[in-house]
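Going line by line, the protein sequences match chains H and P.
According to the numbering used here, numbering within the first sequence proceeds without interruption in unit steps and concludes at 264.
According to the numbering used here, numbering within the second sequence proceeds without interruption in unit steps and concludes at 1309.
Take the hints with a grain of salt, since some may be wrong.
Unchecked claim - Capping the alpha-carbon separation at 20 Å, the derived lysine to any residue pairs in SDA-like fashion look like this: (1) H:Lys22 to P:Asn1131; (2) P:Lys1062 to H:Ser100; (3) H:Lys256 to H:Gly135; (4) H:Lys44 to H:Ser100; (5) P:Lys1066 to P:Glu1080; (6) P:Lys1107 to H:Lys44; (7) P:Lys1021 to P:Met1001; (8) P:Lys1070 to H:Gly135; (9) H:Lys16 to P:Lys1062; (10) H:Lys91 to P:Arg1088; (11) H:Lys16 to P:Val1128; (12) P:Lys1070 to H:Gly259; (13) H:Lys253 to P:Arg1069; (14) H:Lys171 to P:Asn1015; (15) P:Lys1013 to H:Cys252; (16) H:Lys16 to H:Gly135; (17) P:Lys1172 to P:Arg1088.
Hint data in this document are derived by calculation from the structure and do not stem from the laboratory.
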Amino acid sequence: MGMIYLIQVSFEKSLKEFIRYKFEMISMIAGLYFLFIAMFFGAKSFGLGIEANQSSLDSTLEGFVAGYFLWTIMLMIFFDTAQGVIEDANKGTLEQISMSGLGLNKVLIVKSLTNLLINIVICFVVLFSIMATTGYWLNMKVGQLLFILLLGSFSMIGLSMIFAGLALIFKRIQSFLNIMQYLLIALVLPGSSAFTPLVSSLIPFRPSIELFYDVALGGMNIIDFTIIQYVSVCLNSIVYFGIGLLVFDLCCKKAKRSGLLGQY
Amino acid sequence: MMKAIEVMNISKKYNEVQAIKDISFSVEKGSICAILGPNGSGKTTTIKSICNLIMPDQGEIKIMGKSNRKASKHIAALFEGTRNLYWRLTPKENLKYFAGIRGLGGKKIDEEIDMLLDKFNLSDKKNVTVNELSRGMKQKVAIAMTMICNTDIILLDEPTLGLDVQSFIEIKEILLDLAKNMNKTILLSTHDMSLVQDVCEKVIIINKGHIIAKDSMGNLMDMFKSKTYEVRVQDTQAVVLMENYSQSKFEFFASKDVNILEVDIHNPEDIYEITELFMSKDILIEEIKLKEVNFERVYLDLTREEVSA
């Protein structure tokens, strides 16, 4: 009962705060859209300039659209949790959440998941806008893509919990968080030979990214994947999520010992 | 009476700075206790240790008989110097969210929130975002937030900061109601001595990280009550004369009133000597009375004694 109510109020809070920060919302969507458009047409004119093969250019640009969509989702999951902890510490609400009988980590995970639902909607809005603008349409099996994304999203939440925990102790982690957005680009590169199945299964969110590309670019369906592929996605999610929780918990204890919780 | 809070020999050091040392006290269930001290005395470290937001290096804290590490559901707190609330949410939305993170919910919660907002005279502001409210109203919402958590213990750091007179009286009545009628335990940290005097049964005074006084309000007041007498004279020059008179075993102090001298005596019979002294100086005494002591004076005397020691 308590958990269901927490999910409900967390979703309401995320939605209402999001709607009330209208300027931030519009500028974020516009920023993501124009950043992509600039990169996309830059890449396209470069490809045409060097007289690249049209079909390989098309498939590269299609992959670019899908990769950008995944990058925005990863970015949002990552920043929402890590940045959210910093903001709560600034507002003094982190101390209130810490005193919740449900536990700080549970409240933050619910918050991350409810924010994720809203962020996914935004990412799809951005995706449809860029597909309409560029004329490169992916295989939009929205339900199947959502399933894959949600299954893998726990690994990203785990990763962001690690940084959220570190942010409690090392207050000047903000600049490192900004660098992380560029490191995340490396994770979404489509069809890179560097990502062997073994390597992929070890990198956070990468197994989901592979399945996403297979559906969005390769025209596959979720029933076409093997059990091993699903196990890889689930294990990747569980392991990173578990590590995230563990590190966050350790960092919380360290912050409490040093009197750092809530001091920004 | 059951002890709601038991703090046993806690100490905390930040690097080389000893924030608190060997702090011990307890607060009975259903009572209001004040924890006082100058800025930087260790109050916040003590309060946050009770809330398990800071881990002491030594000592133990029990909440309703259990270790505070497992008893956070029994405590709600309001901290000074932070927002405590989400400013883009309305008071009602804030209370719903904070009830949610406490694991509360159900059909009744909306009714309880409405009742609480009504109690704080915030019903007409329940759908206005917090950032649009006055400072006093924000403070009232933050106090209401601690109450919606429905905990046995409420810790309030400067709860009356920024409140107007009307709101101050309301909060005072609410605190008394919480303790007397709802059996809640309240630990207050404030610089408002009139609030302490009006609502607290017990007072703990901390200075430089250790407790310098810990007693009931009545005992502390009595301790100082017996000492000071006010001598009203007709001539203001006499006040100056006696204040500088050094050939007596008594020491006279000018008070805020230009016609009144204050003198600390330990034996009521000393009053005869004082009247004789004034007569010998041809000073007409209009009135001698025991000074009504207020808690502010008690607090200042205690912390001053500590500084001079």
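Hint check:
no. : hint                   : in the structure
1   : H:Lys22 to P:Asn1131   : holds (15 Å)
2   : P:Lys1062 to H:Ser100  : holds (17 Å)
3   : H:Lys256 to H:Gly135   : violated (53 Å)
4   : H:Lys44 to H:Ser100    : violated (52 Å)
5   : P:Lys1066 to P:Glu1080 : violated (26 Å)
6   : P:Lys1107 to H:Lys44   : violated (57 Å)
7   : P:Lys1021 to P:Met1001 : violated (27 Å)
8   : P:Lys1070 to H:Gly135  : violated (57 Å)
9   : H:Lys16 to P:Lys1062   : violated (39 Å)
10  : H:Lys91 to P:Arg1088   : holds (12 Å)
11  : H:Lys16 to P:Val1128   : holds (13 Å)
12  : P:Lys1070 to H:Gly259  : holds (19 Å)
13  : H:Lys253 to P:Arg1069  : holds (11 Å)
14  : H:Lys171 to P:Asn1015  : holds (17 Å)
15  : P:Lys1013 to H:Cys252  : holds (18 Å)
16  : H:Lys16 to H:Gly135    : violated (33 Å)
17  : P:Lys1172 to P:Arg1088 : violated (28 Å)
This entry does not satisfy hints 3, 4, 5, 6, 7, 8, 9, 16 and 17, going by the numbered hints stated previously.
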